[in-house]
Structure formats: structure tokens, C-alpha cells
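Chemist: Single-letter residue listing:
There are 2 protein chains.
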Amino acid sequence: MKLDAIPVVAVSAPGPHAALTGNAGVVLREIAEKVRMLVDAGEASTIDLLAMPLTAADLDWLRESLGNGETHISLNAGGESRLDETSCPGVWWVTHHNGQGGVASAFIEVAVVPELVKAPIDDVAAGLDRLNLLISDLS
Amino acid sequence: MKLDAIPVVAVSAPGPHAALTGNAGVVLREIAEKVRMLVDAGEASTIDLLAMPLTAADLDWLRESLGNGETHISLNAGGESRLDETSCPGVWWVTHHNGQGGVASAFIEVAVVPELVKAPIDDVAAGLDRLNLLISDLS
Chain A
1 MKLDAIPVVA VSAPGPHAAL TGNAGVVLRE IAEKVRMLVD AGEASTIDLL AMPLTAADLD
61 WLRESLGNGE THISLNAGGE SRLDETSCPG VWWVTHHNGQ GGVASAFIEV AVVPELVKAP
121 IDDVAAGLDR LNLLISDLS
Chain B
1001 MKLDAIPVVA VSAPGPHAAL TGNAGVVLRE IAEKVRMLVD AGEASTIDLL AMPLTAADLD
1061 WLRESLGNGE THISLNAGGE SRLDETSCPG VWWVTHHNGQ GGVASAFIEV AVVPELVKAP
1121 IDDVAAGLDR LNLLISDLS
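Quick mapping for you: the protein sequence lines, in order, are chains A and B.
Note that the working numbering numbers the first sequence so that position 34 is 34, with each residue one more than the last.
Note that the working numbering numbers the second sequence so that position 56 is 1056, with each residue one more than the last.
What the hints contain is simulated information worked out from the structure, not anything from laboratory work.
None of the values given here were measured: they were computed from a predicted structure.
Glycine residues also receive a C-beta, built at the ideal position from the N, C-alpha and C atoms.
The reader is advised that the hints may include incorrect statements.
To be verified - Which residues of chain B face chain A? A partial, calculated answer using Cβ under 8 Å: (1) 1072; (2) 1073; (3) 1077; (4) 1082; (5) 1088; (6) 1123; (7) 1127; (8) 1135; (9) 1136; (10) 1138.
Based on the provided sequences and hints, a complete structural model is requested.
Modeler: Structure follows, in C-alpha cells:
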């Protein structure tokens, strides 16, 4: 399928997408700027989606526009966090849930890898101590 | 529960764990050395589990000893890959499946973050081109 054969959703038009405010397009432009910063300067950044004037329809449109990528991460520290790469590599849709399963926060993270996935080196060192204890019990 | 109250599996002993060869303990020591390299020198490394003389029971014992961590990653590029952090931060159990769902390879990756999760910067740049195309269609 050619790119120009894909129907384009006019975000500012009324009709079947009446709940769209046009703000999702603005966020999409901001994401593109941040991806440019990542490519040009290696600089990672985030956008707090719940702090933006976006309706549920805007969020759906944004998510659909960004598409679904290959990498999906779940992380459980208290509530569950989901970090889904979009079809734009380096653009991650991050959702943190509270203990009751509700959405506590939602971000776009523009980064080679989301910060939360990286094991803090202090934790790695503490884990090594436990590993050495386990090994000393073997012999 | 105190640490010394946890029953220790004697890997070299016969009996209920007869299929254990003792090699899993050797691999566990190698993992600890590699974690030490990560902590001291920031150097990441991998161990090819299928290239080691490990029985299925050895692998089960190793996996159980390393425990289950907070971060779980699935990645689909052809076959599915699973990258599960163990309870030792920075020690990842990585399994690649072939198109038929069988295990094609299995690794221990000792790293702050598994290499495969990082978006290659060339892919990020290509994604930016697509994003800009999408944005130019909005106006």
C-alpha cells in the first residue's frame, strides 16, 4: 500500500471524530521535535500526557497514529507499569498503574531505552552480594 | 525468614535432583564474575546457555536460583524473544523463539539493560521521517 493511499484523519474536522480537539496534532509535532533532539544530540525527554489538554479521543488518535512497535515491557514495583514502544523507534508509550489497576500517570518517553528499564548500578551491586552468599552456600 | 533457614540444594548430590550435573553451580559462579565486571568496569557480557553442558534440571535449578525480577520484556521480530530480569538486578534471562515457537537460543545477559531493547539510532531517524510525513498530512 502506498503512503498516500492511507486515509488521513483530519484532527480539526468535526464529524465522526467530534471529540478530537486538534491538540493531539500539536503533541505529535512536539514528539517529532523531541525525536529530532534524540537523533541530533542524543538527548532523551518525556511528555506528561495527563498534563496536556487531551480528550480520550485525542489520546486514542495519538496512540493509533504512533502505532504499535515490536518491544513491550511490563514492570511491577507496587503498581504495574507498561512501556510499549510505538512504531516510531525510540518513542515509548509509558503507563503507570496504581495498586488498584487505575492509570496513575501516562507519558511519552523519547529515548533509546526507557530510563525505568535500566538496572540501577547500586541494585546490581546489592544483588551481587546476595549471589555470592548463594554461591558460598554451594560449597 | 533468616537466610540460613532457606534449604540449600546440594547440586552435586544424587537423589531427588539426580539429573543435576553440578554445572549449574559453575555457571552461577561465572554469572557472579560477570556481574562483578559490570559493577567494577561497566562491562556487559553474555553466556550462551545452550552451549554449556547443562541438563534441563540444571537449567531449572539455575533459573530458580536466580529468581524472578520486576521487569519483563517481550519483543517480536520474526519469532518472539523474552527478556526477563532475574531477582539479581542486571542479570537477564533471554530466550529467543523461532517462528514455530520453539526455543532457538537462550542466554544470560549481564547488563544494565539488554542490548536488544535499545532502539538503534538509524531506526529512530527513519521513524522521524515517517512521523514528519504524517505531520505534513495534518495541515
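Chemist: Run every hint past the structure and note whether it holds.
Modeler: Hints, verified against the model:
Evaluation of the residue 1072(B) hint against chain A yields a held restraint, the C-beta minimum of about 5 Å falling below 8 Å. At a threshold of 8 Å, the smallest CB-CB gap from residue 1073(B) to chain A is about 5 Å, leaving the interface hint in force. Hint on residue 1077(B) holds. Least Cβ distance to chain A is approximately 5 Å, under the 8 Å limit. Here the hint on residue 1082(B) is broken, as its CB sits about 11 Å from the closest CB of chain A, past 8 Å.
With a cut of 8 Å, the hint placing residue 1088(B) at the interface with chain A holds, because the nearest CB-to-CB distance is about 4 Å. The beta carbon of residue 1123(B) comes within 4 Å of a beta carbon in chain A, closer than 8 Å, and the hint placing it at the interface holds. Taken as an interface hint, residue 1127(B) checks out: its beta carbon lies about 4 Å from the nearest beta carbon of chain A, inside 8 Å. Taken as an interface hint, residue 1135(B) checks out: its beta carbon lies about 6 Å from the nearest beta carbon of chain A, inside 8 Å.
Evaluation of the residue 1136(B) hint against chain A yields a violated restraint, the C-beta minimum of about 10 Å exceeding 8 Å. The closest approach between the C-beta of residue 1138(B) and any C-beta of chain A is roughly 5 Å, which is under the 8 Å cut-off, so the hint is satisfied.
Of the numbered hints listed earlier, those contradicted by the structure are 4 and 9.
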